[in-house]
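**Q** Here's the letter readout for the chains.
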Amino acid sequence: MDAQVRPADESELVDAILGLVAARTPAQVSGAGTKRGFGRPVNAAVTLRLDGLAGIQAYAPDELTLTCGAGTSLATVEAHLREHGQELAFEPPDLGPLYGAPAGTATIGGVLGCNLAGSRRVRAGGARDHFLGFRAVSGRGEAFKAGGHVVKNVSGYDLCKLLAGSFGTLAALSEVTVKVLPRGERTATLLLPGRTVDAAVRLLIDAWQSRIEPSGLCCVPAELAPLLPAGLPADAGCVAAVRFEGPEGSVRDRAGRMRDALGGASHELGEAESGAFWKAVTDAAPFAEAAAVQVARPLWRLSLPPASAAGVIQRLVARPGGSWLLDGSMLWFAPVGDTSAGDLVRAAAAGAGGTATLLRAPDSVRAAEGVFPRQGTGIERIAAAIRSGFDPEGVLNPGRMAA
Amino acid sequence: MRMPEPDAAVIAARADLVQALRAIVPGEGVIEEERELLAYETDGLTAYRELPMLVVLPETTEQAAAILKLCHGRGVKIVPRGAGTGLSGGALPLRDGVTLGLGRFNRILEIDYDNLCVVTQPGVTNLAITRAVEDRGFYYAPDPSSQIACSIGGNVAENSGGVHCLKYGVTTNNITGVELVTMAGDVLRIGGRHPDPAGYDLLGVITGSEGLLGVITEVTVKIRPKPECTRAALLGFPTIRAGATCVSRVISEGIIPAGMEMMDKFAVEAAEAFAHAGYPLDAESLLIVELDGTVSEVADGMARVIAIARECDATHVRENADEAERERFWSGRKSAFPAMGRLSPDYICMDGTIPRGRLPDVLDGITALSKQHGLRVANVFHAGDGNLHPLILYDANDADQLARAEAFGADILKLCVAEGGVLSGEHGIGVEKRDLMPAMFDDTDLKHQQRLKCAFDPDGLLNPGKMFPELHRCAELGKMHVHHGKLPFPHLPRF
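Chain order of the listed sequences is A and B.
For the first sequence, counting from 1, position 381 maps to 381 in this note's numbering; every step adds exactly one.
So the number in this note's numbering is just where the residue sits in the second sequence, counting from 1, plus 1000.
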């Protein structure tokens, strides 16, 4: 039996979770359910869907804040912001297609619950950095709130950080307040082809350290050439891509200075091409192709000290081999074949001082290997204590983060 | 100020504790003489004082861990202390507690330009980090006014802000890792030089936890390339409302200034008399708007800011001609606090944040409260993010004035919360706003916060008496008041 509960407001959510507790029945907590494959598989007969808790509740563009139901679709939030020339600066990715879910259906609560940010992470920070306040119902069936509706607040513990990336294991979000920012008027992207991995990463670091304020830094290997617009030489090697956003004059100025400094060949993407390119990078689109076939193919996301990326890529390409895409500090890696190559990938990440997350794999693999990096017994003991404080009966997404 | 009841048994065993601590930190690292302990009796919130039972100054993480383990075993409370500049009393000592000072953790461990980070010990000052990297054109962005003295570990504990945080964020947005020692003496390394450590974001909850979750012994901070160009404008307005409108319009038009500060007429007069910054004395509100970025972007942005200011009836518009003039603009704002010191024997600085659009009404409210409590107030704000710093002037030698100042401050913060804001924007709760927490959070909210505390420090030995008006016992917080087999809500669906 696969029961589904879809509360329409916070009091129904309280009742639903109290019901789970009373019946000692765990639930899969989900927004629109696009990223169910992210995390360890949850063994639960009930799905608690939060996409009924939807709707923009407060939006004041000049306060730089927006409050909405946690189940509001990301598309709705973004469309609303766009009307006022604003955006979610952390550039939330749409990872649903990686798991075979339709594009454009993810919820804001899901993005925050998974703490997902896109290419602009290098400049604007992660989802957690833009999460200002919430209302939620914990696994105790109690509605509570934290944070606030203003951009600057140190009143009490920062529980927004705790819930960002908690994958619904502590509380079900009912309402969220996020920081919003003006959209850059213009976008331009410089593509710098024909580089070795080493040279491409060096170029990205140089750009990051410079005063030209890039808002996207990515490195595309030759085999992902379909990501790029036609016209680049086929044997281009790695292509480094650097994005600039802001007022028109400033974008032209900064892109021009970078081009001049490099001297070599470059290709500039205009507004529309830029938009499509960075959306594909942010969403890891190359790894979502033919989703029906590939949805079981293991895919890793590594978070790395930025300068270590070239070494990690070379190490992974040598063994186990596979395809990759570097987006700032984040490296996507799909090993060849059907194996997760977990030992090799985790060792490569750890060797560089970073971490590796098994973003996608068959249920059996995720259940057996785990998904998130181990953090040592001291931290894991505290994490377990936090979880049992918020969800003592283990009714919310049990096992999703840790066995 | 009501603090936890001192534990007589702990105080009685003081001599024995001194001996055990000396075995961990030899020499002058354990302070027991009263005249030396006096240096630690208060922090930046000088209205409250208490002599600590002991002070211990470890030099290494191993020593800190051993101290915590020892005190944990003996049930001795610990109060962590950085540079002691905090404004909410987070480092206020306990009569039966050991103040653990991190001042000897004063070295920068590594500067890693390629990964845009600095690994540092917590006792290093905020400004020293920028000083260490500025010759290569980098800086650490959060800049609390006390940056010359405050320590980076204290910044993490308080999640400190500064004038540039609208654009660059506060401490939590600018660090990627910490080493933390728990009350039980476990050393945890959280995060590193990469973003988004996996698992629960413990780095995020430790930042701003006011020394209640652990003792920070190392911090990895992000550094940024210094902007190519920085320019500031001084804008005077005939009313508070006109200045507030200008702030909102600048942001609505897509400009995020590096800093946007506002002062009311009283604050302007005091600052001008003190610093001779060239402030217009006829303005009811004064704005400093600073933009940074590339030369062309700043020039375009500044032209737009000035056009907006004129549309908002600015009576005084002055762009800085050179770097010296920009510094002069800031000198007045930065000396607003000492300037108050000339007008009044004492002042307290409040720290609420409000939705910016509520600014004129909240200021009217503060003016009314000023009359009601019979005390003067000067207002300075981080206008860009709605963070108010009303400075209440009083004389601490007059007990009635102190009581009125505290009541006035509490009323201001309640007003902030009532207008949709929060108790503290950047100074923290500490002891100062502890008893106001129920104005913002209900019992269920506070219990959920304390469950986080219980996961780190189940015995409640770390910095008790701060942040929460009432510390529930962790065993009590862990209970679920639902009895299995007996459904409290029989009408609910069963699965």
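The set of hints was computed from the structure by calculation and includes no laboratory data.
Small disclaimer: the values here were computed from a predicted structure and weren't measured.
Note that beta-carbon positions come from the ideal geometry of N, C-alpha and C, so glycine has one too.
Warning: the hint list may mix true and false statements.
To be verified - With a Cα cut of at most 27 Å, we get these calculated DSSO-like pairs of lysine-lysine:
#	chain 1	residue 1	chain 2	residue 2
1	B	K1371	B	K1265
2	A	K145	B	K1479
3	A	K145	B	K1371
As the list claims (entries may be wrong) - Covered stretches of chain B, going by a simulated chain A footprint (3 or more residues, C-beta under 8 Å):
#	region
4	1166-1178
5	1202-1212
6	1244-1252
7	1314-1324
8	1406-1412
**Q** Taking 27 Å as the top limit, are the C-alpha atoms of K1371/B and K1265/B close enough?
**A** Holds, because 17 Å separates the two Cα atoms, which is no more than 27 Å.
**Q** Check, residue by residue, whether the region 1166-1178 of chain B contains three or more positions whose beta-carbon lies closer than 8 Å to a beta-carbon of chain A, and give the verdict.
**A** Result for this restraint: holds, n = 5.
**Q** Taking 8 Å as the Cβ threshold, is the statement that the region 1202-1212 of chain B is covered by chain A upheld or broken by the three-residue rule?
**A** Held - the region 1202-1212 of chain B has 7 residues with a Cβ nearer than 8 Å to chain A, which meets the minimum of three.
**Q** Cut-off 8 Å, C-beta pairs, minimum 3 residues; does the coverage of the region 1314-1324 of chain B by chain A stand?
**A** Coverage by chain A is violated here, the residue count being 0 at a Cβ distance below 8 Å.
**Q** Taking only the CA atoms, is the gap from K145/A to K1371/B under or equal to 27 Å?
**A** 34 Å, violated
**Q** Has the region 1244-1252 of chain B got at least three residues whose CB is nearer than 8 Å to a CB belonging to chain A?
**A** holds (count 4)
**Q** Given the hint that K145/A pairs with K1479/B, does the C-alpha gap stay at or below 27 Å?
**A** 20 Å, holds
**Q** With a C-beta cutoff of 8 Å, work out whether three or more residues of the region 1406-1412 of chain B approach chain A closely enough for the coverage to hold.
**A** violated (count 0)
Violated hints, listed in ascending order, are 3, 7, 8; each of the other numbered hints is respected by the structure.
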